[in-house]
Structure formats: structure tokens, C-alpha cells
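Throw the hints in and build the complete structure from the sequences for me.
Residue numbers (the working numbering): 3 to 123.
Keep in mind the hints are simulated off the structure, nothing from the lab. Accuracy of the hints is not assured; some may be wrong.
[Unchecked claim] Below, simulated EDC-like cross-link-like pairs (lysine to aspartate or glutamate); rule was C-alpha separation at most 16 Å, straight line:
{"hint": "1", "residue 1": "11", "residue 2": "49"}
{"hint": "2", "residue 1": "22", "residue 2": "43"}
{"hint": "3", "residue 1": "22", "residue 2": "49"}
{"hint": "4", "residue 1": "109", "residue 2": "98"}
{"hint": "5", "residue 1": "11", "residue 2": "56"}
{"hint": "6", "residue 1": "8", "residue 2": "49"}
{"hint": "7", "residue 1": "63", "residue 2": "49"}
{"hint": "8", "residue 1": "9", "residue 2": "49"}
{"hint": "9", "residue 1": "8", "residue 2": "43"}
[Unchecked claim] Derived CB-CB ranges, DEER-like:
{"hint": "10", "residue 1": "98", "residue 2": "74", "range": "16 to 22 Å"}
{"hint": "11", "residue 1": "98", "residue 2": "69", "range": "38 to 44 Å"}
{"hint": "12", "residue 1": "90", "residue 2": "69", "range": "53 to 59 Å"}
{"hint": "13", "residue 1": "101", "residue 2": "68", "range": "55 to 61 Å"}
{"hint": "14", "residue 1": "90", "residue 2": "111", "range": "20 to 26 Å"}
{"hint": "15", "residue 1": "41", "residue 2": "4", "range": "34 to 40 Å"}
{"hint": "16", "residue 1": "57", "residue 2": "90", "range": "31 to 37 Å"}
{"hint": "17", "residue 1": "81", "residue 2": "12", "range": "51 to 57 Å"}
{"hint": "18", "residue 1": "55", "residue 2": "20", "range": "44 to 50 Å"}
{"hint": "19", "residue 1": "52", "residue 2": "13", "range": "32 to 38 Å"}
All figures in this text were calculated on a predicted structure; none of them were measured in a lab. Where is the CB? At the ideal position from N, CA and C, for every residue including glycine.
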Amino acid sequence: MAVHTKKIKERVTRMNNAWKQGAPTAVFKGINQPDFQAEIERAATKDQEIADLEAQVKIKKAERDALYSKLNADSIKVRDGVEGDVNFGTNHPLYEGMGFTIDDNRKSGLTRKKTPSGTKG
3 MAVHTKKIKE
13 RVTRMNNAWK
23 QGAPTAVFKG
33 INQPDFQAEI
43 ERAATKDQEI
53 ADLEAQVKIK
63 KAERDALYSK
73 LNADSIKVRD
83 GVEGDVNFGT
93 NHPLYEGMGF
103 TIDDNRKSGL
113 TRKKTPSGTK
123 G
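The structure is reproduced here in C-alpha cells:
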């Protein structure tokens, strides 16, 4: 089950502030206010560590996306190079091996309208 950290953070901060102002020396169920404050600060430190790591992940993803974008542009150049090379071209097995359809296997694109069966014009 997920922990609703935002709600808990807001609640314990509000409780701690009231406790600090209203009864700072009181101990409830073995927990005193300074210890409660320390726990809140430790949780806040973890929140900051997580935020820092998420920022690093965001930066790394942007770097990765830039690399893939460059790879995409380079792959288009390589494809164009194979197509334009007299030793290879669009009918070469290398072209097909790269995942492209060679000219010999390409359909013409010609389509004919089909008439409903039984009716002739």
C-alpha cells in the first residue's frame, strides 16, 4: 500500500509546530518534541536526496534522448549512403538486412476498384 508522504508531511509539520509552541517539554507515549523534530528533519533529508536523484535521472534521460536523436539522423545518412552507393543500392542484400524493403520485393502500389460480385456495368 502506498504511503501518502505529502499528507503525512503536512500533518506532522503542523503537529510539531503546535507541540513546539504549546507544550515543548511534554512527552507523549515516550516521544518528546525534539525527537519528533529530528525524525521530521531526517525525512526531509531523504526527500531532498530523492529530489536530487530524480533531477539526475531527468538530466541522464535528456542526454540519452539527444544521443538517440543523433543516432536517428545518422541512420538516415547511412541509409541514404547505401541507396546512393553504386556498389550497393536499394536492391542489395545489405539494404534488406538493414530492415528496408528492396526494390525487387516492393509492390507497385497499383490498386484496382473491385466491383460488387454479380453486377457488371
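Cross-check of the supplied hints:
no. : hint                 : in the structure
1   : 11 - 49              : 10 Å, holds
2   : 22 - 43              : 15 Å, holds
3   : 22 - 49              : 23 Å, violated
4   : 109 - 98             : 15 Å, holds
5   : 11 - 56              : 19 Å, violated
6   : 8 - 49               : 10 Å, holds
7   : 63 - 49              : 21 Å, violated
8   : 9 - 49               : 14 Å, holds
9   : 8 - 43               : 14 Å, holds
10  : 98 - 74: 16 to 22 Å  : 20 Å, holds
11  : 98 - 69: 38 to 44 Å  : 27 Å, violated
12  : 90 - 69: 53 to 59 Å  : 26 Å, violated
13  : 101 - 68: 55 to 61 Å : 23 Å, violated
14  : 90 - 111: 20 to 26 Å : 24 Å, holds
15  : 41 - 4: 34 to 40 Å   : 20 Å, violated
16  : 57 - 90: 31 to 37 Å  : 45 Å, violated
17  : 81 - 12: 51 to 57 Å  : 55 Å, holds
18  : 55 - 20: 44 to 50 Å  : 32 Å, violated
19  : 52 - 13: 32 to 38 Å  : 19 Å, violated
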